[in-house]
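Which chain is which? The protein sequence lines are P and Z, in order. Quick note: the first sequence uses the working numbering, first residue 1, plus one each step. Quick note: the second sequence uses the working numbering, first residue 1, plus one each step.
Derived by calculation from the structure, the hints in this document are not laboratory data. It cannot be assumed that every hint is accurate.
What the hints assert, rightly or not - EDC-like cross-link-like pairs, simulated, lysine to aspartate or glutamate; straight-line CA separation at most 16 Å:
1. Z/K389 <-> Z/E429
2. P/K74 <-> P/D34
3. P/K142 <-> Z/D121
4. P/K139 <-> Z/E118
5. Z/K220 <-> P/D306
6. P/K372 <-> Z/D117
7. Z/K525 <-> Z/D541
8. P/K372 <-> Z/D121
9. P/K342 <-> Z/E523
10. Z/K46 <-> Z/D66
11. Z/K403 <-> P/E324
12. Z/K542 <-> P/E334
13. P/K376 <-> Z/D117
As the list claims (entries may be wrong) - Residues from chain P shown here face chain Z by an in silico Cβ test under 10 Å; the list is partial:
14. T191
15. R252
16. G368
Virtual Cβ for every residue (Gly too), placed ideally from N, Cα, C.
Residues per chain are reported as follows:
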Amino acid sequence: MAQNRFPKPDFESGYKYPEIHHAIPNEELLVAIDIILLVALMGIVSWAVIKKRTRGPILWVSVISVAYFGFFRKGCVCSIGSVQNVALALTDNTYALPLSVLLFFILPVLFAFLFGRVFCAGVCPFGALQELVNIKNYKLPKALTTVLGMMPWFYLIFALLYAVTRSSFIICRFDPFIGIFRLGGDIGMITCGVILLIMAMFTGRPFCRFFCPYGALLSIFSSVSIWKIKLTDKPCINCELCHNACPVDAIRPPYANKAKESRLRGVKRLLNYFVLLPLLILCGAFLMRSVSSELSRANKEVRLYDMVMQHEANPGDVLSLELEAFYGQGDSIEGLTQRYEKVQADFKLYTTIAGALMGLVVAITLIGLSVKRTRKQYEIDHAACVGCARCFSYCPQYKIGNESGNIAL
Amino acid sequence: MKKAILRNIAIVSALFIVTFSIMLITNYFQVRDTTPLQTEVVETLKQLNDANNTNLALQEQIRQLDLLARKAYFVRLDHLMAGVYILLGMLVVFIVSARFYFAKDKNIPVKTIDPVDEWVDKTQARKYVVWVASGMTAVALVFVLLSSPYLTTKEKTSKDGAAETNPQETALVAEESAVPEAGADTLQTAAEEAVSEVAASKVTHNSFRGNNSNGISAAKGVPVKWNLSSGTHIAWKQSIPRKGFNSPVINGNKVFFSGADDQARELYCYDLNTGEKLWSLAAVNIKGSPKQMPKTTKDTGLAASSVATNGKQVCAIFATGDIICADMDGKQLWAKNLGAPSNHYGYASSLLAFGNEVFVQYDNQNSPKVVALDMATGTERWSKSRTEKITWSSPVIAYVNNKPQLVLMGNPAITAYDPNNGKQLWRVECLSGEVGSSACSANGIVFGASEYAKLVAINATDGSVLWESNDYLPEVSSPVATKDNLYLATSYGVVASFDTKTGQTGKVHELNTEFYSSPVIAEGKVYLFSNDGKMFVFSADKEFRLLDSFETGEHTFATPAFTDNKIVVRTENSIYCVTAN
Ligand code: SF4
Ligand code: SF4
Numbered sequence: 001m002a003q004n005r006f007p008k009p010d011f012e013s014g015y016k017y018p019e020i021h022h023a024i025p026n027e028e029l030l031v032a033i034d035i036i037l038l039v040a041l042m043g044i045v046s047w048a049v050i051k052k053r054t055r056g057p058i059l060w061v062s063v064i065s066v067a068y069f070g071f072f073r074k075g076c077v078c079s080i081g082s083v084q085n086v087a088l089a090l091t092d093n094t095y096a097l098p099l100s101v102l103l104f105f106i107l108p109v110l111f112a113f114l115f116g117r118v119f120c121a122g123v124c125p126f127g128a129l130q131e132l133v134n135i136k137n138y139k140l141p142k143a144l145t146t147v148l149g150m151m152p153w154f155y156l157i158f159a160l161l162y163a164v165t166r167s168s169f170i171i172c173r174f175d176p177f178i179g180i181f182r183l184g185g186d187i188g189m190i191t192c193g194v195i196l197l198i199m200a201m202f203t204g205r206p207f208c209r210f211f212c213p214y215g216a217l218l219s220i221f222s223s224v225s226i227w228k229i230k231l232t233d234k235p236c237i238n239c240e241l242c243h244n245a246c247p248v249d250a251i252r253p254p255y256a257n258k259a260k261e262s263r264l265r266g267v268k269r270l271l272n273y274f275v276l277l278p279l280l281i282l283c284g285a286f287l288m289r290s291v292s293s294e295l296s297r298a299n300k301e302v303r304l305y306d307m308v309m310q311h312e313a314n315p316g317d318v319l320s321l322e323l324e325a326f327y328g329q330g331d332s333i334e335g336l337t338q339r340y341e342k343v344q345a346d347f348k349l350y351t352t353i354a355g356a357l358m359g360l361v362v363a364i365t366l367i368g369l370s371v372k373r374t375r376k377q378y379e380i381d382h383a384a385c386v387g388c389a390r391c392f393s394y395c396p397q398y399k400i401g402n403e404s405g406n407i408a409l
Numbered sequence: 001m002k003k004a005i006l007r008n009i010a011i012v013s014a015l016f017i018v019t020f021s022i023m024l025i026t027n028y029f030q031v032r033d034t035t036p037l038q039t040e041v042v043e044t045l046k047q048l049n050d051a052n053n054t055n056l057a058l059q060e061q062i063r064q065l066d067l068l069a070r071k072a073y074f075v076r077l078d079h080l081m082a083g084v085y086i087l088l089g090m091l092v093v094f095i096v097s098a099r100f101y102f103a104k105d106k107n108i109p110v111k112t113i114d115p116v117d118e119w120v121d122k123t124q125a126r127k128y129v130v131w132v133a134s135g136m137t138a139v140a141l142v143f144v145l146l147s148s149p150y151l152t153t154k155e156k157t158s159k160d161g162a163a164e165t166n167p168q169e170t171a172l173v174a175e176e177s178a179v180p181e182a183g184a185d186t187l188q189t190a191a192e193e194a195v196s197e198v199a200a201s202k203v204t205h206n207s208f209r210g211n212n213s214n215g216i217s218a219a220k221g222v223p224v225k226w227n228l229s230s231g232t233h234i235a236w237k238q239s240i241p242r243k244g245f246n247s248p249v250i251n252g253n254k255v256f257f258s259g260a261d262d263q264a265r266e267l268y269c270y271d272l273n274t275g276e277k278l279w280s281l282a283a284v285n286i287k288g289s290p291k292q293m294p295k296t297t298k299d300t301g302l303a304a305s306s307v308a309t310n311g312k313q314v315c316a317i318f319a320t321g322d323i324i325c326a327d328m329d330g331k332q333l334w335a336k337n338l339g340a341p342s343n344h345y346g347y348a349s350s351l352l353a354f355g356n357e358v359f360v361q362y363d364n365q366n367s368p369k370v371v372a373l374d375m376a377t378g379t380e381r382w383s384k385s386r387t388e389k390i391t392w393s394s395p396v397i398a399y400v401n402n403k404p405q406l407v408l409m410g411n412p413a414i415t416a417y418d419p420n421n422g423k424q425l426w427r428v429e430c431l432s433g434e435v436g437s438s439a440c441s442a443n444g445i446v447f448g449a450s451e452y453a454k455l456v457a458i459n460a461t462d463g464s465v466l467w468e469s470n471d472y473l474p475e476v477s478s479p480v481a482t483k484d485n486l487y488l489a490t491s492y493g494v495v496a497s498f499d500t501k502t503g504q505t506g507k508v509h510e511l512n513t514e515f516y517s518s519p520v521i522a523e524g525k526v527y528l529f530s531n532d533g534k535m536f537v538f539s540a541d542k543e544f545r546l547l548d549s550f551e552t553g554e555h556t557f558a559t560p561a562f563t564d565n566k567i568v569v570r571t572e573n574s575i576y577c578v579t580a581n
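Same shape as in the complex, but just chain Z (with noise of 0.2 Å):
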């Protein structure tokens, strides 16, 4: 009798923890996913404040909202930890319920009749070693296959249908290296050589001087050494359409890049593996477009903005004040004139693309400004009138506390914006005369340089001026800075090194050239293009060492673009692509 209820009560307890497991853990699940400071409902409010911080009852709301959320997270968590301690408590119940029902008969040994068989247990022991083992080596195999660089490519490549590789052959491949016969090395590097071949990089170059036009490439296997004559470490060369002094951009396997003069003017696209030209785009029949070029000098043109890309949209901007737009294949989505700008040498302020927007910097003689347009639909999202005078230099984007600022140089003042809406962060003086150079940032420091006026670090968070210092300053050429270091180059052929922190002159390298071209930091290097097309590379830390230099062959104002393995270079009458392997 005693015996029944004691089973009973084991059983009950035993499917009650059951249930109650399979209940907490979908719980668990659900509350595991809320994080209660990121609900929607709070986050798209916090966006609205941000744009319009002065209503009071709207941040009430947020705060509101924001504890109600927290507070349900709390609940839920107390609740499962209650269910925590039932399922203990119910543990407890079963362990001393069943011990009880078993306490009589615990002690009686059973004797097994039929003595076990040592050798036929090992037997069936070495087949389930051989098979767990075999489970493993499967496992470890399709883990190598999944993350096997070819099924991406394949998956690429038949996307854009631009690379001549056949998948089934890279499929194959795929295969046979998964196959444990050589050695390790060797088929590793094998796939790492494939991988550079032909899937996509994910590091793009999607400005004037990287993302967030600053200068720094998170590029890996930058090459170091090439020669343009020999044509070691060059992928491909092609000759330019058009001419322009824009720098081209990468995102994924497409190099973009633009070209003007009198006849047409163009956008366009090349293959950044094989250097074939994939598409061209002219911006024709653009309602406001000046019928009459504008005069610009030789060492402008009409083409000296970059382009700037997004992944889904590309657009150019033409001295004429027309800007294109296209999407990745090369379709126009929109084209429009933003009123001819009156520049007398001709307007070459790059685009910047940030997120779905494009950011142009329009400080003409007529009407300064700075616009954000949608890069889809080519809307205006806002605009700002400027006070600078005629300014040649590029948007940047500095991240300052983890917000991103938007920053203009300007004659006469350094300007940050929101991105989002164009309202003035802060402004500092201190320019004046032609700014061509564009600014670059560090660690929430703004630096930005120009001849004939000074190089200023300013604290973004509050535009305060940090240091100071006109001993170097760049004309065309724009700064880099590290969190420690700051690098810049001018036109009569210094390149000096500044501390960031104190604006006290590092290393200074007298290189008797003249410098158009911006350096780019990529794998702790500063890489330098000379005017002349004498390639600088020198090391980004304190010591600022000149580690390398050597002729490339061609005249180079254009900054170069970089991803992993690759730089895009564009010269005077060419663009080439160099690679590591």
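Chain P on its own, in the form it takes in the complex (with noise of 0.2 Å):
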């Protein structure tokens, strides 16, 4: 294989390089596998934390997750990355999104509008991998984990504006797990996947809550999903044991509005929010904007436009592999330059948008950190609550004769 890596030696040696043979899966029969699993394992999340309330089928789910999707499938497709094919596709009409792609992506969305974030539960591989390394719990201050919070946004939307700019993959590209489960590949991403896994041990799902761009997704359809995961049947008696259980701190404790603070001063700052919201959209937008000729390098086309660019200026200069490439195949600069047009152009419209979103982002994770709502009791923010069913064993409320029992690992 070795031999083939790299371009022949540039001169006859009457050497016959051998024919390559792949031997081919039956990819159509795994694929089918992958989207019956899918279902399947959802299902049964689902089946265990709307209905059963029990966390032991989900260890199950994680395990099979991750052994199949994870180490066998290699982590590949993920629904986590679908999100750039589907962006692509939706953008560019040439593009031809393969079915198992767009279900991949689809059917966690369903699922989460139906029964929250039951994917996120144990079936995807990486959220899988992180609960079952987990031990201990140690909480985050809430004000960093807000804050880190905003990040899957920001990495959604650059993967977006990569995506539909068909510069590159983000987040296929940086896919910290993805070098564990083929047990190799980029050694700093390996890295910090292993950083990330022996967080994962102290803290819950550090990458689910700081990093994954598709829980950011997820987050929005399991806020409204039409079955929703409940801490107890009967009334909680606010004893707190559920909040300290939660890995991903999604319970939120009863609040008696007892903040000093004038509630005019309050209202006031809401209001200015709300003036500042177009403001941020627009610095964002412009921002975001200047700096899109810089974002473009990423683009293959704009650096080789950028190397013939340098050449033409010093034409004497020995070729580099891709110059070779280029003048070797006869593309014309004519063609190049227009493409690198078209790249920028893009990268100026889409960057704008993205700089939009960003502020937009900011702006309502401010107006949400204005409002004061009154809680009566324990309740679990769906945004958040990945549904890996901790809680409710920890719930003194728990029904005794359950039989999966106590567990709570």
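The two chains are supplied separately, each in an independent frame; assemble them into the complex guided by the hints.
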């Protein structure tokens, strides 16, 4: 294999390259199994968290998911990355979206809308892996997690930006767990994965909470889901036990509005933020637009164009491999310039939109942090809840007769 | 006891993971920078081999070294992979031991004594969010500033000291432009305008008909209309000190051209932005230079050959056989006489700069030859004698299978040489008569045409003729080609396009004028001057539509030079710069 990884030597040696034979696995069958398993596992999780309120099956689902979707299927197709394919298919009609990718994107969203983030609970191999290694849950300061909670949104926005401009699928490129599942790959990313896993041992799901763009997307749907995960059927006695059990800090304590701040001040702040909202959007749009040409460097046409321009300025320099390919294929500078300009124009447009969205994320976070809501008892924040089912067994109201017993791994 | 062991295992494995990660990452960066294909030794040897490919021992040595480099690379990769396995293995050890260590107390929920005050958290969080948002804004602003054209301008202007903009002023403007108060668009355009005003474009036009002398420019924002008499879109205009039919060249903020008469022969440098004459250099005191000016016809003169630059040096040649070379500031580096050319119209081939070399096509009565000279020192790199009759056309570089070929027209043949050593690559006898037009190339095909002979397309990989045509032939003007179409202008006013694959004549325009200047393709358009100074703009595609034509007001024989937003035109008596703004 190695001999084909690089161009052949430049002069004839009479050596005959052997024909390459690839064993073709029955890909279609595997894809069908993927989809069936995806639906089946999400079904099991939904039944376990909504109906049975038990964690046992979820652990098994996690093990299966890590083994099958993770190590056997090597983390591909993954729903997290599918966001990019879908975005690209929506903006570029020459891109044919494979059905399996579409299903991997849409099914977890559908389940989230019905039952909450049951995909995250244990079907996503990334979430499942973090769940399985988790030992203790040291809580991070709430203020910090709130800020870090904006990151997945920014990541999502950038991933979409680079996908629709056909530059790069950054979610796939910077995937920290793929190297672990494949037992090889980019050392930098593997090290990141190892660090994340060690963090996941001591605090709940750092990747899900602070990085995962798909989780961010699912949270929108799960917050309005039809059937919601409930802590207990019986009245909450405000014992606070479940609050501490949740690895992702998704349980909100009862809150007697004891802020010392005057009501008028609170209202004023909220109004200010509403006024600020369009400003933040504009500001974000402007800033991102101004760095659009910097961001466009990630696009290969732009990089090639820069190299060609450099070469045109010093035509005598030795050609790099990329330039050799460019001139060798008889590509014209006009053609390249046209493509370059198209990419630049795309970047101008999409960075503006991306900037506006980033401004929106900041504004909405600020507004969310300025509203006071009164809660009488412990409640689940359905956007953040990943349906791990840990909290149920901590609740003293938990049905004692439940066969699964006190599983609180 | 058991707990202590577990704890110790966990600690040791954790320490191991940390140190090992650091080692792996360092190693990774080392391996990442080595590309087994481009090791310096192999590359140098390969160049040696290119120069003399009969040395079998050398080839064997290259093969061995190449193999060694590849092997070493893969061994290192394997080591890295082994490292990853060890790392992941230790991670498993750590997880298992830590898990058992915490096995007892993991189910005990911690009950916070002091219930959290959510509002305090939220207030704190708001503060953090504002910080993060400001941080991101700051980063974006830094990027805007760093990529700001004003910064680059500042460097450049202070370096050549030619532009009049005050660096402090520009920095001020730069700061202002970063403040998001006006609409994004206005600021952007303002910035763009400013760039085109002062910062030098990367797009050069180093020789006659551009880089590689191939008639194709990468310039952007090229002006499409101008009027010399009313001054619209004219940045500057200067009258020419001494006459010459040579075409201007552009590098950075400098325009070069030459002029000569019986009194003096000179190389000029003008400022691209202001039109100010920066310096001139006369060809004087050159050993072997003829005392008596050679006889030339009126339509050739003593300075018909265009000058050439590589951004470090600039060279000019005159009909006396004198060649002079200066650095970018006008300091003479060397000068020599190549032997007075015997040529009944006057020597007219332009110079061609390629890397550190300048090529001189010296097809004269006595000893026709092609010479490569070092631009910095004037030393002869190689010289090949030719069997051609007197030729007035100029050398071009064609890229064929990634490699440059030096292609020369002649009577009777079109010949390609290896620009590195002058080795002849192929030769096709297809021309006759007085050859003045130069070749052009696209997609590995070389096109040559001359009046009273024919138009030929040659596959430059092996020198085989792909097709021929003799419908329309140029006399002085040279053709230009894209991958699909070839365009040429005749002396009797016909401008025609051809299919590069089949040679079939495409669109033909009969324009009832005369063309000496050569067409240049920029931004998908063919720009062509007629002798009476009318500019024709065509679409550089199959339709070859005449998009526009307008009188510029002065007789123009030279081929204009292109860079971003600008065209520099030399007319009979003046030189002027057209700007898009
Ligand atoms: S948040 Fe993302 S990584 Fe985590 S479980 Fe959900 S989809 Fe997977
Ligand atoms: S199921 Fe319970 S413990 Fe798990 S994430 Fe949701 S709220 Fe938290």
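Hint check results:
1. Z/K389 <-> Z/E429: Given pair Z/K389, Z/E429 holds - Cα atoms ~12 Å apart, limit 16 Å.
2. P/K74 <-> P/D34: holds, 12 Å
3. P/K142 <-> Z/D121: With Cα atoms ~6 Å apart, P/K142 and Z/D121 stay inside 16 Å; holds.
4. P/K139 <-> Z/E118: Judged against 16 Å, a Cα distance of about 15 Å means the pair holds.
5. Z/K220 <-> P/D306: Answer holds: Z/K220 to P/D306 is near 13 Å, not above 16 Å.
6. P/K372 <-> Z/D117: holds, 12 Å
7. Z/K525 <-> Z/D541: holds, 8 Å
8. P/K372 <-> Z/D121: OK: P/K372 and Z/D121 at ~12 Å, within 16 Å.
9. P/K342 <-> Z/E523: The given pair, whose Cα atoms are some 14 Å apart, holds under the 16 Å limit.
10. Z/K46 <-> Z/D66: holds, 10 Å
11. Z/K403 <-> P/E324: holds, 8 Å
12. Z/K542 <-> P/E334: Within the cut-off at roughly 14 Å; holds.
13. P/K376 <-> Z/D117: Measuring from Cα to Cα gives roughly 14 Å; hence the hint holds.
14. T191: Nearest chain Z Cβ about 5 Å off; hint holds.
15. R252: holds, 8 Å
16. G368: Holds: closest Cβ of chain Z sits about 9 Å from P/G368, inside 10 Å.
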